[in-house]
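> Using the hints, put the two chains back together into the complex; each one sits in its own frame.
Take a look at the letters that make up each chain.
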Amino acid sequence: MTLDVAALRDEFPMLSRRVGGKPIHYLDSANSSHKPNCVIDAMSTFMREAYSPIGRSSYALASEASNAYEGARSKVAGFINAYSPCEVVFTKNATESLNLAAQSWGRANLGKGDAIVLTHMEHHANIVPWQMLAKEKGFEIRWVPLTPDFQLDLSSLDQLLRGAKAISFTSMSNVLGTINPTRELCEAAHAAGAIAIVDGCQSVPHMTTDVRAMGADMLAFSSHKMCGPTGVGVLWAREALLDAMPPFLGGGGMISEVRLDDFTCAELPNKFEAGTPPIVEVIGLGAAVDFLNRVGMTEIRRHEIEMTNYAYRALTARYGDAITIHGPTNPELRGATFSFAFRDVHPHDVSQVLDQHNVYVRAGHHCAKPLMRIIGANATARASMYLYSNEADVDALVDALDDVSSIF
Amino acid sequence: MSNLEDLYREVILDHYRSPRNKGELPPPATCTEGANPLCGDEIKIFLDVADGVVRDVRFSGHGCSISQASASMMTAIVKGKPLTDVRAVAKRFKQLMTIEEDDGTTPTDIRLGDIEALQGVVKYPVRIKCAVLGWNTLLEGLDSTST
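Chains as they are written, first to last, in this note's numbering: chain A, 151 to 558; chain B, 4 to 150.
Worth flagging that the hints you see were computed from the coordinates, not collected in a lab. The reader is advised that the hints may include incorrect statements.
Stated by the list, open to error - Below, a list of computed lysine-lysine pairs in the DSSO-like style, where the Cα atoms sit at most 30 Å apart:
1) A:K519 x B:K126
2) B:K47 x B:K97
3) B:K82 x A:K519
4) B:K25 x B:K97
5) B:K126 x B:K82
6) A:K242 x A:K519
7) B:K82 x B:K94
8) B:K84 x B:K47
9) B:K126 x B:K25
10) A:K172 x A:K315
11) B:K94 x A:K172
12) B:K97 x B:K84
13) B:K126 x A:K172
14) B:K82 x B:K47
15) A:K519 x B:K47
16) B:K84 x B:K25
17) A:K285 x A:K315
18) A:K519 x B:K132
So that you can see chain B by itself, here it is in the shape it has in the complex (with noise of 0.2 Å):
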């Protein structure tokens, strides 16, 4: 057998097989599309954002289990959340994906919670870009709803 436990584990194929929130949001929803162009994946973020609140999101897209299962768990995790909640949960994600430093600003009180399970990405530096498609897509759409 594979020592591949640590990347795929039981919680990110399961967001992978069955992805939450997957699909499209019709305008006034802003759509913002991501790609990794050293492997083909391609993602679109859908946001409705409202009074500074994330009230939908929507991904779809193509790409491999860690980029899906990494975007299904992010729109798990910011739907329903006020916008500096969503960017402080980015900015964590980042952090467990060692392309971000812990600069102290980031408030202890967040938790990722399933997104945890990412964290075996980190032993496989190739896989960190496809764990953070979708998180970059995402703070792309605030950046430019935002403005």
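Next up, chain A with everything else stripped away, as it sits in the complex (with noise of 0.2 Å):
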């Protein structure tokens, strides 16, 4: 069954402003997605018939109101396949969840002469905090290479992961698009006796979850790029590892007892969730996830595999060599954003012309200098598209890059 694009399109309100009289196509999904009406609905019906704090009281509205939040946890428990609820963890975005990662289970468990794996395709998100505590702790950061057509290199692998305690990789680049060999990765990382770490920011999205199927260890992603609210990310962790692993943000909710002395901390996973949650944000993601379910992972992958075959075929029908298009060409190998060069125009310059058009791309390092560096860019345009990007979209891109070819 193929999505009914336009009837999606229908849902999300944000799809149908105008700018400048014209309407917008919408192209920086990797970077942020719109939301849709039932997920706005159910965060503006929360907080206007049953917001209430969660948790410690013990009235009727805050009891109602924390089944709701713990309601939210068990969908995204499900929609991941987790054992267990509980070992959800709700953070701020997924930039935290990755600095939960490295500051409790990375701070209780490398030190010098130990070492972790990353590779050449991450996110800053998933490099700065473990350079942060590289610092203090003097372990060593490995990593692994890019072959030419934009996959990871295993070939050295098994060496990197010699004597590793963790790897941490992107399940998809925000960059080239490249859908990383996730149970490979968590296999050979056991075999190595090392946890494997799973930044899914840009596959969690796009594409069904499993984390049993999957072997990982820990995984985060962010609300916001799967039709939910911002202010909310998630790291799933077996719940064996969060129970060893010391607490993050120390405050009220994470505590079981405080004394002068010492403090006790809560169960799972409250552990792991000091302060007022983000409760209305997280009941939006719940109804994002609902979203998600109805539609169908299945259903969004293969349309966006669709999406990637009529976007390369478009973009490289009319413009040939003058469009670099940075990521492997394989569809099934990769997810439905596009970095590119155009002609010798800098992408600044690319994204400027093509707003003028109301074609939104983002344009710059994408938070990956490191990869930028690697593949020779200073910096890239990324058109990055999901469930309800149209072949309009693509129409109006692969015409707005004849102004930018005019002008320069």
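Structure representation (structure tokens):
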């Protein structure tokens, strides 16, 4: 079954927004996605009719709100096939999730003489938290390089993993679109006695996620890229791992007892949720999960493969060698995220001209400066699609690039 | 067609396509690096200052048309000028970019010439930082040479 994209688009009010009297073509979903009515309504209905603080208070509304909050946790757990909802920790965003992994697990497990493995295609959010900790603890960071066709070069993976305590890698590159062999990497990690931490920001919104099949030990992702609101991210980790990890942020909600000389932590997942959590946003994320389940992750992935094919053909048919798309050419091996160079025009100039045509792309280093250096680009323009992207969006991009040619 | 003529004036595109004073100067000329961490643009300004005059200036690096054209125009106007004039021009340019107020201390006879073409950038606030990257780096270079 293919997606009824026209009907789906009607559910996203932002997509009918006009700028300068003309429709918009939103091609920046790898950055952040738009929100369907059901998410917006769930949040506003909750605030209008059911809002209450959760957890601490015993009145009826508080337990109703607590149930809604915990219900959203169960939805998220089901969405990624977690073993238990208590393995799902709500954070501020995926960046905080990865910082939690580094500051809690990393701080407790990494020291001088230890090593972790990252890859050359990581987002800064999966580099800097480890570098911050490495500066303090003195462990080694090793890097999985790239092949010429923008895949991870796994030829020396076993060597890199030897003696390493963890590998932390993206399941899909936010620049190249490359989908990495998550399961293979997790298996290799376990064979070497390391844990596998997956940055799922770019893959979780776009394809079925099954942490058990993946064999991952931790998975970080954000709500706002998967039709949910900003302000909430997720760190999933195996229960035994979370149990053994020290707390990250301290405060209310994460303790079971506090005395003048010590404290004890609450049970999972509260242990990692200090302070009042983003209750409304979590409710919104739960609604986003319902929405994605209704649409179907298999169908979303299939639609994005079709859109990838369409975009690839349209861009190369019109512009040939004048456009360089950084990333795998096989649509089965990539998501619908296209970083490209157009003639010799600087990406900021490309995106400025495209903006004039209401074609919204991102230009810059996409928070992946090491990767940009490796692919030899200071910046790229990036068009990225989602379940609501259609041929008209791609056609508008292709046509607007003509104007870039005429100015520069 | 687009409405971008205000931003991409012909004189700007000319400086972008054929930058003036692009390159490097050997020591004892000073080299100051500037960067725009948000967009990845990087620039180096080489300055040969003697007797209170910018005797020579070059720039190198990479960036968008606005940052490159602005740097090129800047080198063209400051070359051969006394430092007081250079600072006054820089100040006037920042006023043009609306990031500095006119406090009445800039001499009124300072002319920006071609650089006035960059005024269109003001309508695109995110691009102002592109236009001023070279100028801020120049000022930093002057500060370090004059101490």
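> All hints are to be evaluated individually against the structure, with a verdict given for each.
To see whether the hints hold, each was checked on the structure:
| no. | hint | result |
| --- | --- | --- |
| 1 | A:K519 x B:K126 | holds (29 Å) |
| 2 | B:K47 x B:K97 | holds (19 Å) |
| 3 | B:K82 x A:K519 | violated (34 Å) |
| 4 | B:K25 x B:K97 | holds (22 Å) |
| 5 | B:K126 x B:K82 | holds (29 Å) |
| 6 | A:K242 x A:K519 | holds (23 Å) |
| 7 | B:K82 x B:K94 | holds (16 Å) |
| 8 | B:K84 x B:K47 | holds (20 Å) |
| 9 | B:K126 x B:K25 | holds (27 Å) |
| 10 | A:K172 x A:K315 | violated (53 Å) |
| 11 | B:K94 x A:K172 | violated (39 Å) |
| 12 | B:K97 x B:K84 | holds (18 Å) |
| 13 | B:K126 x A:K172 | holds (20 Å) |
| 14 | B:K82 x B:K47 | holds (16 Å) |
| 15 | A:K519 x B:K47 | holds (19 Å) |
| 16 | B:K84 x B:K25 | holds (18 Å) |
| 17 | A:K285 x A:K315 | holds (17 Å) |
| 18 | A:K519 x B:K132 | holds (19 Å) |
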